[in-house]
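Let the sequences and hints guide you as you build the complete structure.
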Amino acid sequence: MTRDRLPNRRGLRRWEAAVGEPVEELRVEALAPASQEPLDLRIEIAAIVDLRADPQGPLVEEARALGIEVLAGHAVTGTGGRLRVSSMAVAPVGGGAARVIPVDALLTSSGWTPAVHLFSQSRGKVAWDEATQRFLPGQYAQACASVGACNGTDALADVLDEAIAAGEEAAKAAGSSLPPKGRGRPKAEGEVWTGGTLGEGPAKNGHAGKAFVDFQNDVTAKDIRLAVREGFRSIEHVKRFTTNGMATDQGKTSNMHGLAIAAEAQGKPVPEVGLTTFRPPYTPVTFGALVGHARGSLFEPTRRTPTHAWAETHGAVFEDVGQWKRAWYFPRAGEDMRAAVSRECVTVRRAAGIFDASTLGKIEVVGPDAATFMELMYTNPWQKLAVGRCRYGVMLREDGFIYDDGVVGRLAEDRFHVTTTTGGAPRVLHHMEDYLQTEFPHLKVWLTSTTEQWATIAVQGPKSRDIIAPLVEDIDISADAMPHMSVREGRVCGVPARLFRMSFSGERGFEINVPADYGLAVWEAVWEQGQKHGACAYGTETMHVLRAEKGFIIVGQDTDGTVTPDDAGLTWAIGKKKTDFVGIRGLARPDLVASGRKQLVGLRTKDPKVVLEEGAQIVEDPKQPVPMKMIGHVTSSYWSENCGRSIALALVADGRRRMGETLYVPMPEGTIEVEVTGTVFFDEKGERVHG
Amino acid sequence: MAEPVRRTPALDGRRVERAGITIVPAGSASRISLRGPAASLAALSKALGLALPERPKSSAAKGARAALWLGPDEWLVLDEENADLMGACARAGVLHSAVDISHRNTAIIISGPRAEDVLSAGCPQDLAPAAFPVGAASRTVFGKVEVVLWRTEASTFRMEVWRSFSDYAFTLLEAAARDPG
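As you go down the protein sequences, you meet chains G and L in turn. Residue numbers in the first sequence follow numbering that gives the first Met the number 0, run continuously in steps of one, and reach 690 at the last position. Residue numbers in the second sequence follow numbering that gives the first Met the number 0, run continuously in steps of one, and reach 180 at the last position.
FYI, nobody ran anything at the bench for these hints, they're computed from the structure. We put the CB at the ideal spot given by N, CA and C, even for glycine.
Only pairs whose alpha carbons sit at most 27 angstroms apart, straight line, appear in this in silico BS3-like list of lysine-lysine:
| # | chain 1 | residue 1 | chain 2 | residue 2 |
| --- | --- | --- | --- | --- |
| 1 | L | LYS56 | G | LYS443 |
| 2 | G | LYS221 | G | LYS251 |
| 3 | G | LYS575 | G | LYS684 |
| 4 | G | LYS124 | G | LYS171 |
| 5 | G | LYS324 | L | LYS143 |
| 6 | G | LYS251 | G | LYS209 |
| 7 | G | LYS443 | G | LYS383 |
| 8 | L | LYS45 | G | LYS443 |
| 9 | G | LYS605 | G | LYS622 |
Computed footprint of chain L on chain G, listed as stretches where at least three residues anywhere in the stretch have a Cβ under 8 angstroms from a Cβ of chain L:
| # | region |
| --- | --- |
| 10 | 359-373 |
| 11 | 442-455 |
Chain L is nowhere near these chain G residues, computed Cβ spacing over 12 angstroms in every case:
| # | residue |
| --- | --- |
| 12 | ASP53 |
| 13 | GLY94 |
| 14 | GLY151 |
| 15 | LEU155 |
| 16 | ALA164 |
| 17 | GLU397 |
| 18 | ASP398 |
| 19 | GLY422 |
| 20 | PRO482 |
| 21 | ALA572 |
| 22 | GLU619 |
| 23 | VAL625 |
| 24 | TRP638 |
What follows is the structure, encoded as structure tokens:
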């Protein structure tokens, strides 16, 4: 299907590289008059094979003048060679003996299809031009003009006329009153459309071999005819069945031929079979253009807390939590992770520890209906929570499963400081905003993310009050004045602060919230005080271990979106007198109140030194044949230096009825025996948070 | 009362200066997220000393203070002299929600003849003067983060961005400033 263009020319000009071995005889510069510099490549063109009976045009003349054999009315019917082409067979279109011509490259051109893509993407409708067998711009949908080859105008002189006319028209439409400039157009000569061949080459008659239509997706003419036989009529269906035109060239070489073959097979004219959508990009787009600046440090934002630099200089190992970098643990010289975490865990319970909790999500819920809104969003009761007090809140989805949790402080009758999990911050705000706008638009309440307003410095441990006391002004932090689960506004280190008395460690603890720009300086001041009392800085790993020792859950670790408050042992957090909250109906679903649900329990390995693998499956009888019946899995597991043994939390079917039972965790190295226990491993009475 | 401890702004010391473009962190400012119904508008405007804008993509500024329209009942109010905006709104005595976000946001000033181009490297919004004239403001995206963009002068923009995203935003601006024009 060679047309009146030499496809190799563009490659030669653009890349200065030729397909095939350069040999003598033919100076390419003669074929590339537009090239600025003559190319010093010489290739021999064995023949130009043209399906048309009588091809005409300047290029054809030029080829002939250069002594290139132009085989009109011929087709390539086959190739020879192994792993690379060494010859081509050429035969007359109407049938006849094939002639074998030695070649080391065979270039094909599938014709000159007007680039109607932009027009088509502007929702214009193309029209079939029977004379030239091609689709051209038809009905316009937008104010645009097609000029030149994309409009089916082939001769350069005509293109220039058309362009000038379109330019004048556009200028007039834009309100220009200037008379058209001189019409004198440059002397122009160029190639002229001289008709083409659509569909499968006629050479198929009497010749074996596959007629490839889509060279990238290896779609043959036979495949397209098969699609029609299978009942696919619309070209859209033929395309999807065969994948014709679905490669990276988006059908630029194959669509028209595929369409013509489908039309022929259906015995219909081409325009009746339809046309697939012209899709962008028309020209190749580099991955670089798609990626832009999104690489390296700009691939994804890295979020750092106000105290990040301090943690870095104090040797913190960081972990990624979403986009945040969080201090994971603070190893001292010679310590591995387990040694560092064990030391941090013991130090917090013996003296105190300082922890950066700034990444916790914070939402300020403000308005006269704030408490009503909180009642609807959380399972807990809020109306009677006194100003200055805090409560642990559980948030459900409509289906009754735990969605998020966090401590909420009431700052005023109409103002709550809500905290969320680090990862949950954006989705909890969206969840609340969604309900506020769609279900409860009558409520006078507004939500504002304050996650980044506050740097949050947790000071946990028996010495926590002594550490912060010298830094706190105008707040009485004595045990009586500021009990566990309370919040006060005042000043810390001379800056405005929201001081929470709360604990995720089970120890007496405070969380100091100060405006973020002050976070580093306040942290340094707390650290200085902490040094006097033997405190350490601790990271997220120690935070995890300490909370597990107390049986406090982490949403997303000990829950997986299928855990109800009752499953997690949090029934106490549901307001018994409440008649409505998001998830109240879900909680009544039969499968959520059925027995046999997985419940959160503690596990103690019979060998206290063995630390279970998180995610490990639990079975009742390790001797049962494989596949065993799995009745639950380990959700959290750590070495607890404070307990002198390993500890674990697990979701186990009917877990709370199994206290004291022995269960088994089959692992590749052998089966581990565990005892089912309560979820609290340390200070079971919970006395240490008080006082 | 103890002397307040020092502030450590997120973009301390960052600065880009190239032909046609200057990118610097803005100084500290007090900021509130102000929410409220239409009925409260007049009283809140009076209390703040400027008319809260009611049209999308618009702002009002007076002296060091400005209010940017972010939604039908939402404004970002900022004061570059760190005035007490919470207090001012409280004194209005009408239904509203004001939340202090002075430290949640930080701001970047992008100025120079190339400011529009540099911002367009990461912002899909049409920033041409006809569509985004002086005084225009909107919540939009810059690369992968949410920002509030405000055109304060013909070739000066203020970008309000959450503190922990400011490093990303500044680094992207820096990269865009290096792009050939």
